[in-house]
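Engineer: Protein chains in written order, with my numbering: chain U, 1 to 405; chain W, 1 to 376.
Since the hints were derived computationally from the structure, they do not count as laboratory data. As the structure is a computational prediction, the values presented were derived from the model and not from experiment. For glycine and all other residues, C-beta sits at the position ideal for the given N, C-alpha and C. Among the hints, a few may not be true.
Unchecked claim - Partner residues are not named here, just some residues of chain W that face chain U (Cβ under 8 Å, in silico):
id, residue
1, 104
2, 110
3, 227
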Amino acid sequence: MLKLPIYLDNNATTPMDPRVLEAMIPYFTEHFGNAASRNHPFGWEAEEAVDYAREQVAKLIGADPKEIIFTSGATEGDNLAIKGVFEMYASKGNHIITAVTEHKAVLDTCKHIEKAGGEVTYLSVQEDGLIDLKELEAAIKPTTVLIAIMYANNEIGVIQPVKEISAIAKKHGVLFFTDATQAVGKIPVDVIKDGIDLLTFSGHKMYGPKGVGALYVRRKNPRVKVTAQMDGGGHERGMRSGTLNVPGIVGFGKACELCRIEMEEDTKRISQLRDKLENSLMQLEEAYVNGNKEHRLPHVANISFKYVEGEGLMMGFNKNIALSSGSACTSASLEPSYVLKALGLGDDLAHSSLRFGLSRFTTEEQIDYTIKAISETVLKLREMSPLWEMYKEGIDLNSIEWAHH
Amino acid sequence: MSNRIYFDNAATTPLDKDVLDAMMPYLTNCFGNPSSIYSYGRESRLAIETARKKVAKILNAHPAEIFFTSGGTESSNTAITAAVRDLGCKHIITSSIEHHATLHTVEYLHRHDNVELSYVKLLPNGHIDIKDLENILASSKEKCLVTLMHANNEIGNIIDIHKIGNICKKYNAIFHSDTVQTVGHFPFDLRNTPVHFITGAAHKFHGPKGVGMLYINENVKIKPFINGGSQERNMRAGTENLYGIVGFAKALEIATEHYEEESTHIKNIKLYMKEALEKNIPNVSFNGDVLGNSLYTVLNASFPKTEKSEMLLFNLDINNICASGGSACTSGADAGSHVIRAINHHPNQVAVRFSFSKQNTKQEVDIVIEKLKELI
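Sequences are here, hints too, so could you generate the full structure?
Structural biologist: See below:
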């Protein structure tokens with residue numbers, strides 16, 4: 001029996017894997033020690049658990065455990081990486097390059113950097129959501145200290161050419177930071193092969209707990225340093241103070257391990273379901289996939305249905321299918337997605353988009369239900385739409401001069 | 001395992017079972033991102049706002065004054081940094097016995113933002129010298145931030161938060177108090193307390209690690225410390241630690257419900273241990289204002305240094321007794337306690353902090369005393 005509502009918003013957050021919770025429970029109960037307590041076994045057990053999790057996390061991205069800084073989540077990681085590099089490398093320069101389709105955590109931090117006297121270049125993206133590498137290289141100045149480009153986009157799933165970006169960064173002696181929150185655990189990410197200097201991600205996007213994340217900070221070739229943003233007991237090698245969230249970290253470690261072991265199989269299954277969903281919905285007239293289909297996360301599809309109002313679309317099924325039109329962090333606003341606008345979509349298409357994010361727990365039955373529900377809603381809404389009628393009559397809507405009111 | 005005695009509750013406390021039960025739905029079925037607008041998200045949002053209201057009510061604050069963070073360290077960093085960068089404080093007054101989350105933050109601001117830094121004098125019992133505080137405030141030409149912890153995590157001394165708050169008010173200073181050791185252990189009435197910022201960490205009162213609180217008085221407006229999404233009414237970006245926030249509120253609720261009997265119980269253990277130490281250990285002394293204005297959870301004792309007692313913490317551990325030499329945050333360092341050094345620098349003494357919770361018993365104290373007699 002199909003259980004409703006169906007959850008297809010796994011880019012916003014994922015349910016926790018029961019195996020992750022199971023790993024966390026002992027650290028909620030008998031092993032409750034403070035990992036910084038050095039003179040009794042409650043502290044040691046906690047510290048050992050954190051060390052083990054650090055290895056699990058590091059292994060997933062091909063890093064050394066010493067290069068992992070635990071944080072409260074990806075947003076804190078974004079803040080620490082960007083502000084931390086900006087402050088640490090102030091003597092070298094004050095220029096940061098990022099892209100207009102980054103997550104708010106990066107964009108808002110860059111705005112903060114501008115107020116603090118920094119200079120930020122916001123690269124535009126091409127129609128498919130990818131940045132232009134030539135534009136990136138041309139933007140580099142002698143004062144550039146950091147390139148901050150996300151690994152994969154949270155709304156359209158487009159994967160940036162990370163290797164090429166890192167090669168450009170290296171050639172010009174600039175550090176490369178990537179927000180890999182959506183990518184890690186879903187596709188192979190390897191900080192060495194990818195040439196990444198700093199990378200952030202979080203537990204709750206990969207079947208782990210909320211409230212915990214990691215920042216990878218490269219220690220060799222080059223040795224990268226960030227200025228701590230939270231001072232205190234000098235935890236996490238002085239880069240991030242505060243009592244460690246031991247159960248959270250243990251859960252995060254377990255989630256990383258599961259993703260590392262099961263990624264290949266998960267991806268095979270999930271991408272088939274995603275393709276089925278996408279291909280079926282594309283049978284509808286005037287439906288458009290947003291973003292590059294080739295360089296894209298295997299569990300994500302972002303589709304716009306022209307001549308359908310997005311709000312109405314969501315209302316049609318949101319009791320039974322949990323979906324969003326874009327980032328959760330901005331979903332309360334009625335503004336169309338800035339990411340879709342950056343791809344050059346007009347308000348009509350940007351307003352009529354749906355973001356599908358599948359997960360390890362998504363079933364074929366759920367996908368079949370979703371295809372049916374969404375197709376029906378789109379057809380029904382179009383039946384009622386005067387714009388759709390005009391389109392069907394062959395009237396070029398762009399040629400109409402609308403009365404202003 | 002079960003015969004271990006845990007007397008290090010100022011470092012962290014065991015999670016209450018009822019707190020875990022309250023968190024469990026949010027670790028399983030109710031997992032939605034609180035910013036999402038469909039049912040999963042709305043349930044999560046409701047849980048967070050209910051938690052906020054609960055916390056606000058208990059502390060007698062307005063829900064709009066309560067912000068959830070990743071812990072006490074983030075809260076203190078946020079408050080202190082904002083006082084300087086957003087509220088125009090150019091002079092920080094603190095004490096040398098603050099937690100490192102405060103000390104390292106003020107030192108950083110002193111170095112980087114050219115903020116003047118003063119340390120208020122301490123009395124021999126570890127209390128701050130209020131006259132000196134007033135003198136510094138009176139002679140300061142700049143707007144001041146006063147940051148003084150409510151209860152010291154190593155020696156337990158409690159400041160008079162009303163008295164200090166009123167002095168700050170008189171000199172138009174911003175007042176931040178690190179209340180990590182007292183939230184959940186002490187009744188607050190923030191509506192009637194002259195303080196701008198206080199902080200809390202759930203894991204100090206049988207709640208989960210990784211979640212904290214910052215109270216920001218409605219009369220001060222600051223900018224976010226962590227930039228990004230619009231969570232916590234634009235004050236703290238980042239997907240909320242949903243289960244943690246639910247756990248924070250539940251733990252505070254339980255602590256408040258049982259405050260009378262639990263604080264009496266713990267205080268009796270502290271006094272019982274103090275007397276037992278005096279009776280059984282020659283030349284023992286105590287750090288801080290033990291019988292005066294002092295937190296009932298902390299007892300800091302100094303033992304005469306001998307070849308045996310130098311290894312005291314190590315030997316206590318071998319005997320399944322968990323205590324500490326000072327703050328856990330610095331217990332890895334060999335530098336010793338900066339607090340003990342500041343108030344009572346006796347090179348011939350070994351200071352040990354015993355800190356208690358509702359789960360401890362007098363029987364445990366008896367066992368510890370017997371061991372101490374052997375070990376010293």
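Engineer: Each hint should be assessed against the structure and marked as holding or not.
Structural biologist: For each hint, the structure was consulted:
For residue 104/W, the suggested interface contact is upheld, since its CB lies about 4 Å from the closest CB of chain U, less than 8 Å. Interface restraint check: residue 110/W against chain U, minimum CB-CB distance 12 Å, threshold 8 Å, status violated. Using the Cβ-Cβ criterion of 8 Å, the hint placing residue 227/W at the interface with chain U is satisfied: the shortest such distance is roughly 4 Å.
Hint 2 from the earlier list is the only one contradicted by this structure; the remaining hints agree with it.
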